[in-house]
Amino acid sequence: MRKSVNRVWRRVMANKLISEMGLPKSIANIFAARNIHTAKDALSLTEFELMELLDVGLAEVTTAVSSISEISCPPYQTALSLLEQRMHNEHLAGHLPTRLKGLDAALCGGIPFGVITELVGPAGIGKTQFCLKLSLLASLPSSHGGLDGHVVYVDTESKFSSRRMIEIGVNSFPEIFQIEGMAQQMAGRILVLQPTTPTEFSECLQKIKDSLLQHHVKLLVIDSMAALVSGDGQGQCRQHPLGWHMTFIKSLAEFSRIPVVVTNQVRSHSGDDPFHYSFQDSRQNLDFPTTFDSHLVAALGIPWAHAVSIRLVLESKSGQRFIKVAKSSMSPPVAFTFAISASGISLLHDDGIEMTGPEINAICGQVLKHFNVASSINDAHNIKYFRDFEVTVVYSIKNWSFRVVCG
Amino acid sequence: MEVSSLPISASHRAKLISAGYISISSLSSISPAHLARDLGISENEATGILKVASQRGGPERTIPSHHSIVDGLRAQTAWDMLHEEESCRRITTSCADLDDILGGGISCKEVTEIGGVPGIGKTQLGIQLAINVQIPLEYGGLAGKAVYIDTEGSFMVERVQQVAEACIKDMQEYDSFLRKDLPARQVNLQANDFLANIYYFRICSYTEQIAVINYLEKFISEHKDIKVVIVDSITFHFRQDFDDMALRTRLLGGMALKLMKLAKKFTLAVILLNQVTTKYSGGSFQLTLALDSGHQGHILF
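Chains A and B, in that order, are what the protein sequence lines are.
Oh and the first sequence: position 229 is 229 in this note's numbering, straight run, nothing missing.
Oh and the second sequence: position 171 is 171 in this note's numbering, straight run, nothing missing.
Bound-form chain A, shown alone (with noise of 0.2 Å):
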């Protein structure tokens, strides 16, 4: 499994160079005469631009295209034997399930392997608690239902607490945890990373790649990925730096067919963002919730918003908690309610309710909950757009101090 998946990143990466593919002598020694080297050199310009460039015919231009083409095009499966590799290769065909019932059946299985998973939500929501679960379940062996594997986690803003998750650990699975130096080998598989710039965030995503080629990393989780990445500022700038990790990311997710978790902020609406065609009508808001307190986006654009394959909103409304997978392209709209205890997250039914319309994709931020101190610097930010909030404490467990901000 794992010469198959160095295999696959090096054709990828590498770019096969023309002089291996075995086109007639004549034609790659033109090829290489000229500087085209690879297959993305061959591939970037016209028919008619080669024919200038390497002074040969319409028909050997168009013959050595092909075979560059067909030696360059990646294998075709048919979607039968992809599924049946999948279920053959990959736990659960390629699902971490996340043991929230509902949540796990609407996924078909848990949160897929391969592909970008984000969770987005106003500060305190329980996007890091959610997270902190998730790590521990891809550490478990697989007798309890894990991926028995490490876990590499980066921790932009702080967040991560070692002792809550072990409190998570302990409530969920007490028969793992009572054993001697069990809750030591499980959180001895989380290695965490917590970058402070966005040049050290970088240079850790890079390392996290040759890493996870050589040792069983199971799952990747960025808590999060806004901190560092977008900066204060909209627009254009901001899709920049962005673009790079996005692609980067993804093809890690890819490659490793491992699950990868993206944390998301969110932001208060502005004029500037768009919501309509040019073709619609700009004074129908459709697609926009009309109270004040309900005005937030997901940070990091559209461009982001295209890059992840799930996303799930996680919000607050009239006292109540629900996490809504908003965009998933095998699941219904449905949202579940939860909520946060000592084991995690849990729902509090596991029938989802089924949302129709733009309500799926909007985001609540009413009254919250309690924050957490060591976060309030970034999400200060997002603070100052609630009306009002309530603090009041959820849970208190021995020997586990929590921290609560009053304003």
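You can take every hint at face value.
Cβ-to-Cβ under 7 Å is the rule here; a few derived chain A residues that face chain B:
| hint | residue |
| --- | --- |
| 1 | V56 |
| 2 | L83 |
| 3 | A305 |
Sample of chain A residues with no beta-carbon within 12 Å of chain B, all distances over it, derived:
| hint | residue |
| --- | --- |
| 4 | A33 |
| 5 | D148 |
| 6 | F173 |
| 7 | Q194 |
| 8 | S211 |
| 9 | S318 |
| 10 | I353 |
Think of the hints as simulated: they come from the structure by calculation, not from any bench.
Note that CB positions come from ideal geometry on N, CA and C, so glycine has one too.
Given chain A, put chain B in place with the hints provided.
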């Protein structure tokens, strides 16, 4: 016809012109040996040039007699085109309203572009069409196969299975409600049969995207029952890390043309799924299709 428009290499063209051969007719009665001597090239090369010239210069043998108005070009009368369009098969989208707007479904000789905001259902439509093209002829389908080119990794096999199962159920219902008077017929298809007829390519860079579109011509001639090609999405690999905008435009234009040629040559439907981006116009930001290459075809939002 001019020698300068012949598809030969630049140096040969230059030699022909400097030796005085400007029009194709001047090459019509010359021997390869004579041409080779005049141009200072080998006899083989001269034969090659004369062959190309004779192919271009002569009248097309495939044009029927009533197209004699325009010699040497492939032309059709408007009447023929209308007839062809009406008899052209269409793929249903499983949504009656959408089918109505499209005039019966996705047309099998054209490129259709479908754009939308993230999460709106573009991949869903792509998957639906990959299944619907396989509906047997008895149920009004095309009994064809599908090529699915995935550039983003959004193709979820579990979902394809669900859609296939629903399609089979639809066919069974059709049988029981609409064909009550006719002898009972079993739908012998399984969801896996549908999955086996979808050829899946996973593309990870723009080089691979261009390569697969070039390769499709050969692939489809080997698999003649392919009736739909879905590209999901056409713009993903071109949106980031592309410094040379002119190159990007040329490449996209080239791809669009090749796909149109493919659609016409093999009478299949090409579906391009596209992302959206923001554009500042008329005093506000609006949504628009990403990398609008301005090509012909239907555009749906």
